[in-house]
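As numbered in full-length UniProt numbering, the sequence shown has no gaps in its residue numbers, which increase by one up to the final residue, 140.
What the hints contain is simulated information worked out from the structure, not anything from laboratory work.
Some hints here could point you the wrong way.
In the DMTMM-like style, the derived pairs of lysine to aspartate or glutamate whose C-alpha atoms are separated by at most 20 Å in a straight line are [stated by the list, open to error]:
| # | residue 1 | residue 2 |
| --- | --- | --- |
| 1 | K85 | E116 |
| 2 | K124 | D109 |
| 3 | K85 | D18 |
| 4 | K85 | D74 |
| 5 | K22 | E43 |
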Amino acid sequence: MNESSVRAVGWARSLPMDRGVKAARDWAGEHLDGLGWTTTAPETANAVLLTVSELVTNAHVHARSNAQLTMTWDDRCLHISVHDKSATLPAPREPSTERVGGRGMFLVDALADAWEARPCPHGKTVTACFRVPGTQGTRH
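Required output: the full structure, derived from the provided sequences and hints.
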């Protein structure tokens, strides 16, 4: 295979605000089952599902937007991306006993091998990446 090309498979789902995080988790869980991660790497699968929950929650609660959830698998990394209509980029905040929320991106930072947020013409996309189970190495 040519090193400059990448072969990937992907799935996408739109999640209106009235369809909750559970629908996103169930949908992502089906694809993790298909990849075999729920049996071969249950800890990584759980980290992916928690990340999906956090990113979709952020889109619905903070951006007050529908969420477009995309999962892309390229034989090296599983990329979880959520697009919403807010231009405000997320940043991890230290947990506080004075706030109920604010821990979502802190969790994503701890769970994912890498993550990034990028502005788009109509909002932003936040992507978290998870390496192939068994070849995780050190996290960032």
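Taking the hints in turn, this is what the structure says about them:
no. : hint         : verdict
1   : K85 to E116  : 16 Å, holds
2   : K124 to D109 : 17 Å, holds
3   : K85 to D18   : 16 Å, holds
4   : K85 to D74   : 27 Å, violated
5   : K22 to E43   : 19 Å, holds
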